[in-house]
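Engineer: Here's the letter readout for the chains.
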Amino acid sequence: MDSRNFTYMFYGFATAWVVVIAYVVTLVARERKLIEEMKRLRHMIDSGESRT
Amino acid sequence: MREKLIYALAAVAALLLTRNLYQMFIGLPDEVLQGAIYRIIFFHVPAAFTFMTGALVSMLASILYLARKDFSADSVAAAVTEVALVFGFVNLLTGMIWARIIWGVWWAWDARLTFMLISCLMYAGYLMLRRSIEEPTQRARMSAVLSILTFPAVVITYKAIDWWRNQHPGPVLTFRTGGGTMDPGMEQVLWLNFLGILLFATVLMMVRMRQEEIRREIDGLRREAHAI
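Chains F and R, in that order, give the protein sequences.
Taking this note's numbering, I'd label the letters of the first sequence as residues 1 to 52.
Taking this note's numbering, I'd label the letters of the second sequence as residues 1 to 228.
Chain R with its partners taken away, still in its complex shape (with noise of 0.2 Å):
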């Protein structure tokens, strides 16, 4: 069944970013002032809000972990977190090729970009902490205080452009200004890629919970090995 639910999704998510893909060169126009770099955008924040969709999750996991001592919510956390960071690294390696270009240097510190950074590094730091402890347990257990003390970086790198004045651009997104600063044309696709993004994101975290599972069946079959 999960097996089937998995192909199913990545077949939707398949299509819908090659839709998306034809919408991107083929339906919309270039950006006046970016020209064709502006593209960049679509895949640029829908990266960033699975990013920080991947984290919200990976912290009310690992709260419920904690709360409940069930090993799925650890294996939910571990598999979420490494599927977003890897969506953390697409946003910050995008937005410094399209600096490149429209700030002539790859990397700016400010807060948005440094904050980001910072996410991504406590979530590689939580991955290499999962690696370092034998026992599942104690694993679990660090590895949720770890992620629920890395949110708030998250939450001050969404909130980084609208409390500090940043080479970042600011909001440009309507559930944030309330309109008027991107096409609707324009934001209309991003939202979609975002969805395409987000389904496919939730296919690797799938994937990657199952293999979770089979890494606790093989700790279970080496302590029965250990016996005999």
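Same shape as in the complex, but just chain F (with noise of 0.2 Å):
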């Protein structure tokens, strides 16, 4: 029973920060997504001005 629980408690505090680092990646690879975006977009305006 005890090395039951022990090991029960190391999956509980695993879980909580396999959960939360997850979240964070997924943040960190959303923003870089949003940056290369926003870059490839005001490249697109800057050449179609330069062009009118």
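Worth flagging that the hints you see were computed from the coordinates, not collected in a lab.
Small disclaimer: the values here were computed from a predicted structure and weren't measured.
All residues carry an ideal CB built from backbone N, CA and C; glycine is no exception.
A hint or two may mislead.
To be verified - If you anchor each label on the Cβ, the simulated ranges turn out as follows: (1) F/32 x R/163: 42 to 50 Å; (2) F/37 x R/142: 38 to 46 Å; (3) F/14 x R/69: 41 to 49 Å; (4) F/43 x R/15: 18 to 26 Å; (5) F/35 x R/63: 26 to 34 Å.
Two chains, each in its own frame: build the complex with the hints.
Structural biologist: As structure tokens, then:
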């Protein structure tokens, strides 16, 4: 019982951190994508304006 | 300035959470009846409080948006709901792992657990609703209404252990019982961990808010690109 008790405590702590870290990773990836999209649009607008 | 604040808060949160981990494992003994597994409470309860704080902020920001039509209030509501939901799921999952040892089952359909699940699913619905509406004003208005309508489920979740006889343990913290049900040393670590998690959640919310601002800027750039 005691070793199982300790193992499940470890699972509990690990789960908490894994969920939070997975969210942080998606947050970072999303930010990178948004910044790239913003740069792409800015570049598109700048090149469009220089042509007109 | 905001960037520096994010890093400073993240550093304080990391230090506090590390200190708390040391206290949990080295400073505190096992609980007499539950053994080592009781330590899950140091994440389970602070995660629930972080979820509930986030839900409250989301509701207030949503009311502010509907009153003033201020898009920064909408950004706060969207950011805080998403971060709060992450901690809502941390609360549910850690609770299930604790229950497997103490109750012998992963889940029980009692009022506290069921309303927590309903609250999380409704906030997940809020995020899905935001993704499904393109027009920013309509998106902000509809999601503000949903956030306000969802908050009572969080209040019921909080009060469920007072209102109904549950499988879930009753209140143990001093501010709800008047004292005597939880060791003061353990309760202190629990509150300090809540502070650490809340600081960390604030950091995530600030990062998420910045993304909402970038997204609004992208909307503006797209309109400009279409005009050209």
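Engineer: Does each hint hold? Answer for all of them.
Structural biologist: Now the hints, each set against the structure:
1. F/32 x R/163: 42 to 50 Å: holds (46 Å)
2. F/37 x R/142: 38 to 46 Å: violated (24 Å)
3. F/14 x R/69: 41 to 49 Å: Between residue 14 of chain F and residue 69 of chain R, where Cβ atoms are some 44 Å apart, the hint holds.
4. F/43 x R/15: 18 to 26 Å: With Cβ atoms ~41 Å apart, the hint is violated.
5. F/35 x R/63: 26 to 34 Å: Hint holds: Cβ distance 32 Å, inside 26 to 34 Å.
Checked against the numbered hints above, the structure breaks hints 2, 4 and satisfies the rest.
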